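Enquirer: Going line by line, the protein sequences match chains H and S. With the numbering used here, the residue at position 75 of the first sequence is 118, and numbering never jumps. With the numbering used here, the residue at position 19 of the second sequence is 62, and numbering never jumps.
Keep in mind that the hints were calculated from the coordinates and are not lab data. Treat the numbers as computed from the prediction; the structure is a model and nothing was measured. Misleading hints may appear alongside valid ones.
Anything over 12 Å on all C-beta distances counts as not near chain H; from chain S, calculated [as the list claims (entries may be wrong)]: (1) P55; (2) E58; (3) V59; (4) F60; (5) P61; (6) K85; (7) P124; (8) L134; (9) E148; (10) Y150; (11) K151; (12) L152.
Some, not all, of what chain S presents toward chain H, calculated at C-beta under 7 Å [unchecked claim]: (13) Q57; (14) T96; (15) L105; (16) V108; (17) V120; (18) S144.
C-beta atoms are modelled at their ideal positions from N, C-alpha and C, and glycine is treated no differently.
2 protein chains.
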Amino acid sequence: MNYYINKEKDLPLQEVFPGITGHLVHTEHCTIADFRIAAGTKLPLHHHPHEQTSTVLEGRFLFEVDDQERICEAGEVAVIPGNVPHRGTALTDCRIMDIFSPVREDYKLI
Amino acid sequence: MNYYINKEKDLPLQEVFPGITGHLVHTEHCTIADFRIAAGTKLPLHHHPHEQTSTVLEGRFLFEVDDQERICEAGEVAVIPGNVPHRGTALTDCRIMDIFSPVREDYKLI
Numbered sequence: 044m045n046y047y048i049n050k051e052k053d054l055p056l057q058e059v060f061p062g063i064t065g066h067l068v069h070t071e072h073c074t075i076a077d078f079r080i081a082a083g084t085k086l087p088l089h090h091h092p093h094e095q096t097s098t099v100l101e102g103r104f105l106f107e108v109d110d111q112e113r114i115c116e117a118g119e120v121a122v123i124p125g126n127v128p129h130r131g132t133a134l135t136d137c138r139i140m141d142i143f144s145p146v147r148e149d150y151k152l153i
Numbered sequence: 044m045n046y047y048i049n050k051e052k053d054l055p056l057q058e059v060f061p062g063i064t065g066h067l068v069h070t071e072h073c074t075i076a077d078f079r080i081a082a083g084t085k086l087p088l089h090h091h092p093h094e095q096t097s098t099v100l101e102g103r104f105l106f107e108v109d110d111q112e113r114i115c116e117a118g119e120v121a122v123i124p125g126n127v128p129h130r131g132t133a134l135t136d137c138r139i140m141d142i143f144s145p146v147r148e149d150y151k152l153i
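Input sequences plus hints: build the corresponding full structure.
Expert: And the structure:
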């Protein structure tokens, strides 16, 4: 087993939604995604059984989680429990680390 | 329930080991830590049942996981399964996002 990953060299760049591209690390319990999101990208209302924790590293992203909306910037986090509907809009180019648990099997490449 | 966290305003700054300080977000399944590690900090060999995924955001950190060592920089990740012994040394000041699953109950403040 190799314990180390260089994201650029070892992982494919995946576009999971138009405008949302990143490297995804799948562990036993989590999927850890380092996403770049193009300004103007609108993610429609959706939900999934996985919890999602979104840490904004760069940019400004408008989150709408259930009935709460907030513009998050670097240093802010959205904690979205499983099955809670959410959507969002990238107000600028963004870099967001999304942690999902359990693993997003639907994001694994075949 | 409030879905949003501003790490500086809403969370205490915790020193989990001398030289390792950060904000910790605990969700249902994970603990997500945004650590600053002072250059020269040496974390002794240890292990825990939680898986740990360490994403280096800034700096250079020497990881030693089981029998594999590597100096990781921005864009590199160490994936440490539960119970695998590991230690490390901060070669420079570092910023590392550590994702643990399950939750690090021992890092929760009483």
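Enquirer: Regarding the hint that S144(S) lies at the interface with chain H, is the smallest CB-CB distance below 7 Å?
Expert: Constraint on S144(S) satisfied, holds at 4 Å.
Enquirer: Run the C-beta distances from K85(S) to all of chain H and say if the shortest one exceeds 12 Å.
Expert: holds, 19 Å
Enquirer: Over 12 Å from every CB of chain H: does E148(S) meet that, or does the non-interface label fail?
Expert: At about 15 Å from chain H, E148(S) clears the 12 Å cut-off, so the statement holds.
Enquirer: Given a cut of 7 Å on the nearest C-beta pair, is the interface hint for L105(S) held or broken against chain H?
Expert: Where the cut-off is 7 Å and the nearest Cβ of chain H is about 12 Å from L105(S), the hint is violated.
Enquirer: Would you say K151(S) is clear of chain H, with no C-beta pair closer than or equal to 12 Å?
Expert: The assertion about K151(S) holds, with a minimum of 15 Å to chain H.
Enquirer: Quick one: work out the minimum CB distance from V59(S) to chain H and report holds if it exceeds 12 Å, violated otherwise.
Expert: holds, 18 Å
Enquirer: Over 12 Å to the closest beta carbon of chain H is the bar; see if E58(S) clears it.
Expert: With a cut-off of 12 Å, E58(S) remains clear of chain H, as the shortest Cβ separation is near 19 Å.
Enquirer: Would the hint on T96(S) stand, with a C-beta cut-off of 7 Å toward chain H?
Expert: holds, 6 Å
Enquirer: Measuring Cβ to Cβ, find out whether P124(S) lies farther than 12 Å from everything in chain H.
Expert: About 6 Å separates P124(S) from the closest Cβ of chain H, which leaves it inside 12 Å; violated.
Enquirer: Should the label of L134(S) as a non-interface residue stand, given a Cβ cut-off of 12 Å to chain H?
Expert: holds, 15 Å
Enquirer: If you take the shortest Cβ to Cβ gap from Q57(S) to chain H, is it below 7 Å?
Expert: violated, 15 Å
Enquirer: Beyond 12 Å on every Cβ pair: is that true for P61(S) relative to chain H?
Expert: holds, 24 Å
Going down the numbered hints, you'll see the structure goes against 7, 13, 15, while the others check out.
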